[in-house]
Amino acid sequence: MFRILFSLLIVSFSFAQQTNKVDFIKCDALVSPNHIEKSISGSITYEFKVKKAIDTIKIDAKSMEFSEVAINGKVVKFKNSGKTLDLFEGYKKGKNILTFSYSAKPKQTLYFTGDFTNGTGQIWTQGQGRYTSHWLPSFDDVNEKVIFNISVEYRNDFPVISNGAFISNKYNSKGNLITWNYQMQKPMSSYLAMLAIGSFAKQTSTTKSGTPLEFYLDKNDVSKFEPTYRYSKQMFDYLEQEIGVKYPWGIYRQVPVRDFLYAGMENTTSTIFAQDFVVDSIGFNDRNYINVNAHELAHQWFGDLITAQSGKHHWLQEGFATYYALLAERHLFGDDYFYEELNDYAEQLKRASKTDTIPVMNEKASSLSFYKKGAWALHVMREDIGAKNFQKAVKKYLKKYQYKNVNTDDFLKIVNQVSGYDVENFKKVWLEKSGFEMEIAQKYLSKNKFIQEYFTLKKSKKSLSELTEILKSDAYYPIKQYIVYQTRNIPFEERKVILETALATNDILVRRAVAESTPVIPEAFKLQYETLLNDNSYQTKEIALVNLCESFPEEVEKYLEQTKGIEGNNDKSLKLTWLKLKILKGQNSRFDQENIIDELLKYASVDFESSIRQNALETLLGVNYENPKVIEALFLATNHHKWQFTKFGRDNVRLLLKKPEYRTIVEKVASTSDAKMKELYLKFLNEK
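For the sequence shown, position 573 matches number 573 in the working numbering, and the numbering has no gaps at all.
One should not assume that every hint holds.
[What the hints assert, rightly or not] Calculated lysine-lysine pairs in the PhoX-like style (CA-CA distance at most 25 Å, straight line):
| no. | residue 1 | residue 2 |
| --- | --- | --- |
| 1 | LYS392 | LYS447 |
| 2 | LYS428 | LYS350 |
| 3 | LYS428 | LYS413 |
These aren't lab readings, by the way, just hints derived from the structure by calculation.
Using the sequences and the accompanying hints, generate a full structural model.
See below:
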């Protein structure tokens, strides 16, 4: 699920007429974020050209205050609608210069997280789907492309990242502040403007074509640079060659932030992605950044260089980025991997087609359609016209429309010119028709030998001895996983040879299938199952630990001792599962119990990411939900900026408040709380 980026390009149509009459060319912005007040202020200079007569020019600006508004050096009157800065005097046909100062306390898009007093503070943006106009006066209409030069004034002890080439950072007259200056050379849509501030360390590299690469991590994660960014340079070199157009932006950097709203975001030159993809060498085997990395990089061409005119054509961004990410993975891991992913996409789309009835070319289409059906459509086209013709068409498409906006017909027309392909039939079947053509897809999938074997196995009724031989063969791992899962209901004595052979493959994913498919562990399989605790996978360790403790309660302490001190992946799921087993099944004194509760409360606090807090709260709600500290941590979850965690908090609060005894405890806690927390408690207590 982390491969799908759940962010739809929401397009505002209010400015459609303005872009025909006014062209905003360049923005020079000096901005000053304030983490204490969670605000931002700045001074803006816009260069724009009036092409046709227009009575009002609008700049999107949500809940902002303005001052010193001047056009061509003269102060002018303006209107602040609360959503836009409206200009109605002082400009002339041709070139104009607009300057003004602004301030805002954004409720979204610009996020302040962590604590800047202990080095965990971060400030970052997420413009797509939320709009940059909440933190920077700009344009919600993606068709207005601007050269953004952003300078950021902030403390000298935190690196600042923005779009474009880093020009300089200079101390200013305000003591410990530095102004970081970034410049773009080419225009882009406003939703791609970004800002990231935090306690980051940096490593660099250079691509074959000479593009500088910058990789950032939190300073506490420097040991994770290699596994997190593994294959980054190789994928860049491959995509640049495969697309056939040189990377257009001069520099490329990537930075992870805590509690990011999605998997990643392709801000021009500077991708932001979720901290969950920061991994060590073991975590790499559970969840890694490779696919998201390739996807966001592909967007630098498909989305950033050329941008869809409206949501109806959003597949031109997400379908292309998804497909080129798969091609990059094919380059790294081979055809079998590529076809396994395509088959997985096809099965997801087929299942969803029962209820997902909106076609790809519709602004209300699902993420699954935009991303994965869009990718499938491109695969069909590439197979039909050949890789060389496909590359030629894509190259011509990008060159013709670079730094502009496009629609589906723009692309299809070029494909037809290059190859003579029946683009109208393609459009009808893959873009305008709902559902998924599984039978057609299977014909393309069956070009791969592994997929042929996989389809054959699913239709066959092989004996256990035949299945065992397949497990011993060099068959691709999904076939072996399938065998393990499909035999889960066979009596153990018959299945034992399957499990033993699967473990002997020493394939991490096949062995994990053994762990997952054998929740009740027979005594005769105990020693072999215990070896799963040593696998280079935190997920496998966690599954095995839980199942062993359930199956052999008398040996819980042995298993807990064996896995003690392992943190696991970024969400600390293994560590928190360990604490849960310790408190529920371990041999603990009252002192031990209290210490475990305190540790869980620590992880449930605002000092940690939402994924960690939620894992901790789920355990605490099961063992000590009436604890005032647990109550406070749960209610605080309802205030988080990440909607998934907020929903978890609200759902549990409302469910528990249905219990009269819990409501009484919350009322008592509220009566002794400070004003801010009391207001939060009463918000839910007073719900009807």
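- Hint numbers not upheld by this structure, sorted from lowest to highest: none
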